[in-house]
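Same order as they appear, the protein sequences are chains L and Z. Just so we're aligned, residue 1 is where the first sequence starts under our numbering, counting upward by one. Just so we're aligned, residue 1001 is where the second sequence starts under our numbering, counting upward by one.
For the record, the hints were derived by calculation from the structure and aren't laboratory data. Incorrect hints may appear among the rest.
Chain Z is faced by these chain L residues, among others (derived, beta-carbon under 7 Å) [unchecked claim]: (1) D23; (2) M27; (3) D81; (4) Q84; (5) S132; (6) S150; (7) G175; (8) P179; (9) A192; (10) F194; (11) A261; (12) A263; (13) K319; (14) G435.
Covered stretches of chain Z, as calculated for chain L (at least 3 residues, CB under 8 Å) [what the hints assert, rightly or not]: (15) 1072-1079; (16) 1180-1188.
Every residue gets a Cβ at the ideal spot worked out from N, C-alpha and C, and that includes glycine.
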Amino acid sequence: MTTQPRTMFDKLWDAHFVARRLDGRDMIYIDRHVLHELHAPHAFEQLQKQQRGVRRADLTFSMQDHTVATKPGRTQSTNPDGEQFQVAMREGSLRHGIRLFDLGDPEQGISHVVAPELGLVLPGATHAVPDSHACTVGGLGALGIGCGTSELEHILITQTLAMKRPRSMRITLEGQLHPYVSAKDLSLRILALFGPSFGRGYAIEFAGEAVRALSIEARLTLCNLAIEMGSRSGFVAPDEKTFAYLKGRPYAPQGAEWEAALAQWRLLRSDEGAAFDKELRVDCADLAPQITWGTDLSQTISVTDKVPDLAGDPETRTKSERALAYMGLEAGQAMLGLKIDRVFIGSCTNARISDLRTAAQIIKGKRVAPGVTAMAVPGSTSVKRAAEAEGLDGIFRDAGFFWGESGCSMCAGGNGDRGSPQERIVSTTNRNFEGRQGKGVRSHLSGVEVAAASAIAGVIADPRAID
Amino acid sequence: MQPFTSVTGVALPLLQDDINTDQIAPIPTQRSLKPDYQALFFSRARRSADDSLDPAHILNQPQFAAPSIFVTGRNFGCGSSREGAVWTMMAVGVTCIIARSIADLYRENCLQNGVLPVELPDPVAEAFEKRVVAANGAAPFTVNLETQTISGPGGADIRFDISDADRTRLLEGLDDIGMSLKHTREIGAWEARTSVGAPWLQRAVRRPGIEPTA
Ligand code: SF4
């Protein structure tokens, strides 16, 4: 029997297909469902109203991350606005027998950081979160799918998600990255090249030499930004690095089952000659550290570049003028040397242990520039513990960084950590939208390298130039 | 779900590309489990630096106080998955969004709530946008899903495309969960198959002493 070569996405989708619905959507089985307190309480309330139960509480996990305070010694009332969300999350999870990673839990943290480190994410599995950055877990070869509140309720009741089958796209990233250039720079570069919606309707497979060379944590960072490209899912085919990362993690299969899983996971890649609906290539060999200058992730340049002049481009003119006004910048202005007020190192994009190590290496023995507020917020409580065991917290504190408890923090400001109007921030997060980090706040997104170097310099700085 | 057949009312043009859900319904202003979605509607975009409503902003102009149709550019509703960004639309009375394109997640969230998402190709969109701007809220537009047409002042009726499946779902107000529960047997069958073929996916993940028992 000959079979058509298939993409990894085809294999994943077909393996999870349950039924085709009346409205033409495919019902896809959800292997792991991770909730968070900003959106789950609404769904819990709906369940109660309709007197419905959760089909597979054992495959569902609850995380407190969006609204939790980062202050040492925090409680649920430290962020008064967050308390009601956290309480409702606790009650709903308890009522349905769902494992809750609550405040004070040694494994609490941002869902997209915690799920991989516990082995809750597995290659070839579907992983849904009522949060658009669910795509992060694609770094382990899973299909992460961000969903809305109604969809979350649908998954609780049926353990499936009804979706139109996306088309498939492969982005091949070629070349080797220079030191101080990371996965975040790769994804920002892709956004600069192709814009903020080219992935609409597609699932994206990231492939190529540059991707294979990335660590698992870096692949998670790369996939984190798939949603900013317009795609609900981005992933990397699993390889030996993936398996080594997962082996022995608490929720990963063990013993004979591990061996059986491994045998299946090794087949999880796009077959030679498989057809993609769209293919893109990016040469990354000369990639410099990237930074956003505007209010959209496609408004990205190399840190050594000048703000582009787009006045002649009728397509993007209004948008870029508006962005420049909001950001307090002018076309032609250099990014290097631009004075900043704040640096934030954190979020599901860049707050894993490798990120903190990279930042610590850059700031070690130095001081944050006067007038700059710098924060480092580990992505999970486990990451925080690991960092402290290595003494990284001391390096951050000695440099003048705030060292916080784990959570989303300044990424969306849902926990009260916000900047003030007109403040200029270099942030390792994933959205530079107007007002995202506080009203009027000017966010420049970058990798940890640029963020750490800028904290020390007090201006936007090139990490390659810092000694 | 409320069936959608047609809507007639004020068309509000916010002609920008890439309007994200942070703009439509900002999180930091969502301080309550049950926020006032009407107040949340573009709550930051429509205010000046001193937090007062900016009278020049189109969303604050009296003729657009009760819009029914929201007209916008490319990649509308990108960003976070929050469904509140659709609920704010509904809270102010919008039941139809006409855009050059709509982000996948946002479009799904619209369908979940019986809000009609219409995507128009560029040349058609451009002409339609001009008509909406010219009408300036004074004369109503009608979007009819049965006939798949947009009508209103300043020109001929415009035909729009939507998949038959989505059209039926909206016209009949099909309940999303109800549609899926018809397939409960297939869900069970999938679970049984996978328990054999890939048991690590199906096995109840429980670590003794850590996980609760239902
Ligand atoms: S860190 Fe930011 S992007 Fe990530 S889950 Fe939290 S709020 Fe969302």
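Are any of the numbered hints broken by this structure? If so, which, sorted upward? Numbers 7, 8, 9, 10, 12 - these are the hints that the structure violates, sorted from lowest upward.
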